[in-house]
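Undergrad: What follows is the residue order along each chain.
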Amino acid sequence: MSFAANLILASVRMAVPLLFIALAELYSERAGMVNIGLEGLAAIGSLVGFLVCFITGSAWLGILAGAVAALAVNMIYAFATVTLCANQIVYGMAINIFAPALASFIYRVYFGSGSELSQITLMSGIGIPGLKDIPFLGDLLFNQTPMVYLAYLLVIVTVIYFGKTRSGLNFKSVGEHPKAAATLGIPVIRVKYIACMLCGALAGIGGAYLTTCYANTYTEGNVAGRGFIALAAVIFGRWTGGGILLACLFFGFCDALQIRLQVANFGLPYQFFQMIPYIATVVVLSLIGSKKAGPRAGGQPYRREER
Amino acid sequence: MTKFKRALTSFVVPLLSILLAFIIGAVIMAVLGKNPFKALQYLGVGAFGSAANFGTTLTKATPLIFTALCACFAYRCGVFNLGGEGQFIMGSIVACLIALKSGLTGFPAILVCLLAGAAAGGIWGLIPGILKVTRGQNEMIISIMLNYVATLFMGVIYTSWLRDANVPQTPSIPDAAKLPRVFHSMRFTYALVIAVAVGLILYYYLFWTSNGFKLRAVGYNMTASRFNGFPVKRYILASFIVSGAVAGLGGSAELLGTQFRLINGFAAGYGFDGVAMALIGQLHPIASMVVAVFFAALRTGSTTMQAATGVPTSVSDIIQALVIVFTVAGMALVKLPEFEAFRLKLSGGKKKEAKKA
Amino acid sequence: MEHISKRFGDFYANRDINLSVAKGEVHTLLGENGAGKSTLMNILIGLYQPTEGKIFLNGKEERIESPSQAVKLGIGMVHQHFMLVEAMTVFENIILGDRNVKGLFIDRAARRREIEALAEKYGLDVELDKLITEISVGAQQRVEILKALYHGAELLILDEPSAALTDIEVEGLFAIMQKLVSEGKSIIFISHKMREVLHISDRITILRAGEVVTTVRCSETSGPALANLMIGRELAPSHYEKVEKPEGEAFCLKGIEYNKTSKHNGLAGVTLTVGRGEIVGVAGVDGNGQTQLAQIVTGVLTPEAGELDLKEKKVAVFSPSGFIDDGVSMIPEDRNLQGLIGNMTVADNLVLKETGDPRFSSGSGFRLKKGAIELYAHEMAEKYDIRCASIDQEVRNLSGGNQQKVILARELESNPDLLVAVHPTRGLDIGATRFIHDCMIEAREKGVGILLISADFDEILEMSDRIVVIFEGQLMGEFPGKNPPIDEISLAMTGK
Chain F
0 MSFAANLILA SVRMAVPLLF IALAELYSER AGMVNIGLEG LAAIGSLVGF
50 LVCFITGSAW LGILAGAVAA LAVNMIYAFA TVTLCANQIV YGMAINIFAP
100 ALASFIYRVY FGSGSELSQI TLMSGIGIPG LKDIPFLGDL LFNQTPMVYL
150 AYLLVIVTVI YFGKTRSGLN FKSVGEHPKA AATLGIPVIR VKYIACMLCG
200 ALAGIGGAYL TTCYANTYTE GNVAGRGFIA LAAVIFGRWT GGGILLACLF
250 FGFCDALQIR LQVANFGLPY QFFQMIPYIA TVVVLSLIGS KKAGPRAGGQ
300 PYRREER
Chain X
0 MTKFKRALTS FVVPLLSILL AFIIGAVIMA VLGKNPFKAL QYLGVGAFGS
50 AANFGTTLTK ATPLIFTALC ACFAYRCGVF NLGGEGQFIM GSIVACLIAL
100 KSGLTGFPAI LVCLLAGAAA GGIWGLIPGI LKVTRGQNEM IISIMLNYVA
150 TLFMGVIYTS WLRDANVPQT PSIPDAAKLP RVFHSMRFTY ALVIAVAVGL
200 ILYYYLFWTS NGFKLRAVGY NMTASRFNGF PVKRYILASF IVSGAVAGLG
250 GSAELLGTQF RLINGFAAGY GFDGVAMALI GQLHPIASMV VAVFFAALRT
300 GSTTMQAATG VPTSVSDIIQ ALVIVFTVAG MALVKLPEFE AFRLKLSGGK
350 KKEAKKA
Chain B
0 MEHISKRFGD FYANRDINLS VAKGEVHTLL GENGAGKSTL MNILIGLYQP
50 TEGKIFLNGK EERIESPSQA VKLGIGMVHQ HFMLVEAMTV FENIILGDRN
100 VKGLFIDRAA RRREIEALAE KYGLDVELDK LITEISVGAQ QRVEILKALY
150 HGAELLILDE PSAALTDIEV EGLFAIMQKL VSEGKSIIFI SHKMREVLHI
200 SDRITILRAG EVVTTVRCSE TSGPALANLM IGRELAPSHY EKVEKPEGEA
250 FCLKGIEYNK TSKHNGLAGV TLTVGRGEIV GVAGVDGNGQ TQLAQIVTGV
300 LTPEAGELDL KEKKVAVFSP SGFIDDGVSM IPEDRNLQGL IGNMTVADNL
350 VLKETGDPRF SSGSGFRLKK GAIELYAHEM AEKYDIRCAS IDQEVRNLSG
400 GNQQKVILAR ELESNPDLLV AVHPTRGLDI GATRFIHDCM IEAREKGVGI
450 LLISADFDEI LEMSDRIVVI FEGQLMGEFP GKNPPIDEIS LAMTGK
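Sequence lines, in order, name chains F, X and B. Note that numbering that gives the first Met the number 0 has the first sequence beginning at 0, numbered continuously upward. Note that numbering that gives the first Met the number 0 has the second sequence beginning at 0, numbered continuously upward. Note that numbering that gives the first Met the number 0 has the third sequence beginning at 0, numbered continuously upward.
Simulated from the structure, these hints should not be mistaken for laboratory data. Bear in mind that the values here come from a model prediction, so they are computed numbers and not experimental data. Glycine residues also receive a C-beta, built at the ideal position from the N, C-alpha and C atoms. Don't take each hint at face value.
As the list claims (entries may be wrong) - When the alpha-carbon atoms are kept at most 25 Å apart in a straight line, the in silico DSS-like pairs for lysine-lysine are as follows: (1) Lys101(B) / Lys163(F); (2) Lys22(B) / Lys178(B); (3) Lys178(F) / Lys71(B); (4) Lys129(B) / Lys163(F).
What the hints assert, rightly or not - Listed next, the stretches of chain X that the computed footprint assigns to chain B, with coverage defined by at least 3 CB atoms under 8 Å from CB atoms of chain B: (5) 209 to 216; (6) 224 to 231.
Using the sequences and the hints, build the whole thing.
TA: Below is the structure:
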């Protein structure tokens with residue numbers, strides 16, 4: 000297969016974990032919760048996913064477990080920021096420190112500190128019979144691991160949810176003007192907690208994908224900044240499902256590109272290629288401009304006025 | 000709240016958080032089948048038990064003090080400089096280059112390396128700063144991305160450009176360029192002295208000078224500061240540069256005093272750790288330094304603890320992480336109006352007169 | 000329809016209040032700021048819970064535990080600060096939180112039909128597909144009313160609805176209210192504007208300091224009588240002497256333009272002179288360019304065209320620090336956002352701009368003289384009657400009136416040549432208001448030129464030596480402060 004076709008296929012695959020994490024943040028921010036602890040959530044998701052898959056042999060159980068673990072951790076964030084009104088950015092950082100430490104701890108306890116990396120079998124792809132034989136498009140769209148299908152399905156669900164359903168409209172209002180939402184009877188606190196649950200679960204799935212579908216080992220730091228790139232993707236994608244999809248595809252492309260460039264070996268040390276996704280993020284953010292977009296009440300604590 | 004009450008609260012919350020974290024740590028140890036009291040005892044001994052151990056603790060604390068001060072100073076101006084790690088690394092890269100290639104020795108070498116390191120860190124910190132001031136860009140994500148770039152760049156240095164034969168690391172810097180120890184028996188070097196000095200200078204600047212006062216005002220309320228004639232953009236840029244320089248200085252000091260070479264894992268995690276310490280220390284430079292020593296103590300002590308009792312070192316990582324989780328939540332809790340009401344009910348006191356209308 | 004008698008005793012906000020509203024009636028709740036009107040209404044719509052007392056709707060006792068319950072019971076409120084989501088369209092705002100409809104997806108066609116029918120019935124003219132940011136304040140209010148009706152409100156509460164409207168829009172509002180009432184809806188109208196209250200009410204309940212003074216029929220009372228009941232004491236007429244001829248010029252605006260295409264956030268050619276030792280009052284409803292005017296005169300914004308002379312010297316660079324150095328002081332529009340550093344202490348805020356001054360630091364800012372600052376703060380608290388638990392208290396914990404006094408102290412003590420005061424007494428009680436006005440007059444006596452921008456017409460009348468009116472970014476005429484022609488000024492405020 001040609002270099003280009005290969006590249007596109009890889010981009011689509013590598014965009015997947017980013018997509019889950021970015022969508023996680025979208026749900027969170029649409030309810031006014033800016034969660035920068037995605038990196039930590041993905042880390043714990045990836046560890047638990049790996050662990051459960053290792054124990055049970057089932058990648059699906061791993062993914063599920065990863066989602067649950069990250070959801071649980073994010074509940075700490077939710078409690079601190081929604082109920083105690085702690086600063087969201089600061090607490091997101093706290094999660095970024097706590098969750099990887101927890102992940103590391105569990106790994107050490109279970110696997111010991113040996114340098115040998117345990118391995119699992121990856122989730123296998125599912126080809127849709129018939130359609131998968133279409134040249135190129137077949138491989139691209141119909142011969143991937145189920146997680147890829149799930150990710151893209153999620154994008155569609157998200158777009159429909161926020162655009163066309165009543166519940167989605169109410170959800171958005173919580174992030175834009177929680178006071179107004181409250182006067183209309185929308186349960187603001189409940190929506191915020193649900194958003195945090197969704198955020199945790201999806202970020203956990205994104206992390207678990209990294210160790211069950213992408214690589215078959217767990218290493219510390221395997222999230223490699225995706226949690227932060229996902230934040231950029233949400234901004235870049237203008238807080239819409241479709242925009243985020245494109246943003247993630249772009250970053251996935253950068254990721255896929257740098258691997259191929261490393262292999263092609265132009266004489267530059269490989270680390271320069273590894274820098275591409277990060278520098279791309281900086282460039283993209285710089286170019287976007289400073290227009291204040293995003294849910295209007297994002298990042299602000301909601302105080303119930305009860306006397 | 001009055002000044003005294005506020006100071007008290009700032010003290011009590013972190014202390015309670017630490018206590019709580021230790022309790023949970025002890026529970027985890029017990030679950031793992033180890034005796035928590037013995038383990039904690041070894042933890043303490045490992046950290047402070049002997050002059051040598053204490054020296055190790057202080058040595059480990061030194062880079063953390065630098066990154067904590069970096070985060071602390073930046074956040075005082077309302078700037079989320081999460082790029083401490085990258086700035087630290089850039090400082091060390093520059094110092095390493097100069098130490099290995101310039102041929103300078105002795106005191107001039109050290110001086111040049113340190114200053115160049117600070118400059119490198121300052122410049123690296125300037126990048127998100129300029130983007131924030133000119134394009135209003137969120138500095139958080141950009142500074143974090145630059146961390147990865149810096150780490151990778153360091154990788155270039157020690158795997159290809161300045162590689163030491165077949166090993167992925169740079170050669171050790173010449174003895175003549177190393178920072179000497181303060182006391183022969185303890186491991187820590189003048190790097191610690193520099194770190195503490197920087198901390199004291201920053202403290203004085205923030206709380207005793209007019210400029211520092213204005214910088215803090217900008218951090219609290221940028222709009223009001225602008226209306227009152229403060230050059231907000233200048234302060235923001237300055238805080239990026241200064242905090243970056245502090246981190247860069249730390250990086251070069253770490254290279255010259257402790258590590259002597261660049262290698263995989265150099266400075267790993269120091270940046271975010273610094274942020275954590277600054278937060279626990281309530282953004283007070285002196286308190287942040289104390290917290291840094293405390294964290295270093297945990298790390299030093301935990302290796303002894305593991306050797307003696309088999310409790311894995313990652314338990315101390317969990318304890319550290321729990322401290323920050325509890326501290327930030329605790330500070331938020333005490334600021335809640337419900338908490339204030341609860342506190343007043345407990346003390347049975349009269350309602351405060353000057354309440355918000 | 001509704002006979003609501005509510006009795007509850009909360010020591011601070013509402014005490015033992017009985018209120019009953021009949022079906023098809025416009026019942027006004029009259030009272031000053033802080034009298035307890037908003038609290039009472041918040042209880043009615045389920046945001047607060049009464050400490051004591053009961054609510055009866057249609058003769059049946061109800062407990063209104065949440066806003067959604069209030070909505071279900073047919074109570075709708077149009078808040079003073081609109082509860083509209085700016086990023087959404089009118090349509091979306093109206094159907095938000097809708098409980099009456101089943102189904103996952105929004106049936107746009109059906110909902111639109113319903114809304115259009117309602118709008119037709121009550122004469123509420125709205126454009127469904129425009130974003131909230133794109134429509135006028137009057138239109139936004141119509142959206143709020145339509146929203147309440149859509150959710151089934153039989154009792155409508157209008158909280159200070161005319162605050163941000165022009166006179167024409169207020170007329171339109173009254174027409175709508177009359178239509179609503181004729182269709183059997185009941186309205187609770189909250190206001191402190193006597194003229195409107197007398198115009199539209201059936202019955203009036205006066206609240207003062209959290210208690211009901213009395214309930215009267217509109218036909219049986221008059222303006223002065225109501226004012227008396229509201230304030231409870233004789234309101235002395237304006238007793239400040241007016242200055243006729245100022246000496247010298249404090250500043251002069253010539254043809255200032257800023258964002259001139261915007262009707263609500265711009266200036267389209269403003270020319271104005273303020274002399275030393277005089278107070279020029281800028282009257283007008285909020286949102287006609289006052290914010291921009293204040294910020295240009297203090298150097299925060301740079302005008303796009305035109306010239307500004309400070310003390311007869313043309314200004315080249317617009318920066319707050321330059322203007323402050325030149326002797327311009329400001330009492331800002333939003334004291335918490337623009338004036339005070341909330342997390343810093345009272346003392347800190349009092350010396351905010353002066354920390355480099357040799358009085359407060361040695362070596363021009365190198366070492367703060369904390370003792371001197373503390374002493375100064377105590378003096379200021381004394382002189383300006385700032386009530387706080389201690390000068391080390393964080394300023395955000397002070398009451399609004401005391402916060403404003405902190406700003407006043409800071410701004411006046413720097414001996415400015417020009418003071419820009421933007422509704423300096425908004426939200427303050429009579430005592431604080433009087434104090435601040437006295438201070439301003441004192442400053443005027445010392446030769447300070449004062450630009451007073453306020454939507455409180457009474458304040459303008461009370462304080463100004465000259466009055467100008469601003470409307471949609473332009474000045475609509477100049478009037479004397481002594482014996483001001485009130486009718487002409489009111490007319491000018493509507494743009495005529």
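Undergrad: Of the numbered hints stated earlier in the document, which are not met by this structure?
TA: none
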